[in-house]
Amino acid sequence: DAGVIQSPRHEVTEMGQEVTLRCKPISGHNSLFWYRQTMMRGLELLIYFNNNVPIDDSGMPEDRFSAKMPNASFSTLKIQPSEPRDSAVYFCASSDNRGIREQYFGPGTRLTVT
Amino acid sequence: QKEVEQNSGPLSVPEGAIASLNCTYSDRGSQSFFWYRQYSGKSPELIMFIYSNGDKEDGRFTAQLNKASQYVSLLIRDSQPSDSATYLCAVYSGSARQLTFGSGTQLTVLP
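So the protein lines, in turn, are chains Y and L.
For the first sequence, position 111 matches number 92 in my numbering, and the numbering has no gaps at all.
For the second sequence, position 24 matches number 29 in my numbering, and the numbering has no gaps at all.
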């Protein structure tokens, strides 16, 4: 069974450019989470969706960040314009919102903004 | 005060020893508790979960939960160098409807 799929795995871009990160959750999971991880701040929740609806976006750092989930099998996280301080590893995770709510993580996208 | 606290380490143990990782949490309404292992450059991997007071064993791993003390721990018996990683404690609260992660404990098992 395929796990959470993320693309691209690595992204290097110049400051000011638009960056789009993509995620396909595990089939049947109805909650999807976007996290950012840095050495300084650890793992931070940016936003999560339940049944394709954004539930909590309080972790989104600023208006440059936006996330969408147009259907149950796809989500995007967009940064426009990107800045060097956005450099981090971005993880997508999914869970079934029944039971104990365990989350399964994708491989991550390592973003470098120069 | 952080909602989920872990000792950042690093924690070093010799091969074959028991590694003990600890986590405390502040939300008394927390319902489920998770341990994730993260190797350097990789994504967090779920290794254990527990939601009832007491111990839960899975192979060399034992999770322990004490809700009265708001404390959860992970014991790794017969530690192996391949256990060297960062271990993240995560807590699910129904009120928050999301996992809250600790900052992680870096474990090194010395051959």
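Just so you know, the hints here were simulated from the structure itself, not pulled from any lab data.
Please note that the accuracy of each hint is not assured.
Straight-line distance between alpha carbons at most 20 Å, and here's what the computed EDC-like set of lysine to aspartate or glutamate pairs gives [as the list claims (entries may be wrong)]:
id: 1; chain 1: L; residue 1: K61; chain 2: Y; residue 2: E83
id: 2; chain 1: Y; residue 1: K5; chain 2: L; residue 2: D83
id: 3; chain 1: L; residue 1: K61; chain 2: L; residue 2: D83
Now the hints, each set against the structure:
1. K61/L with E83/Y: holds, 16 Å
2. K5/Y with D83/L: Measuring from Cα to Cα gives roughly 37 Å; hence the hint is violated.
3. K61/L with D83/L: Judged against 20 Å, a Cα distance of about 17 Å means the pair holds.
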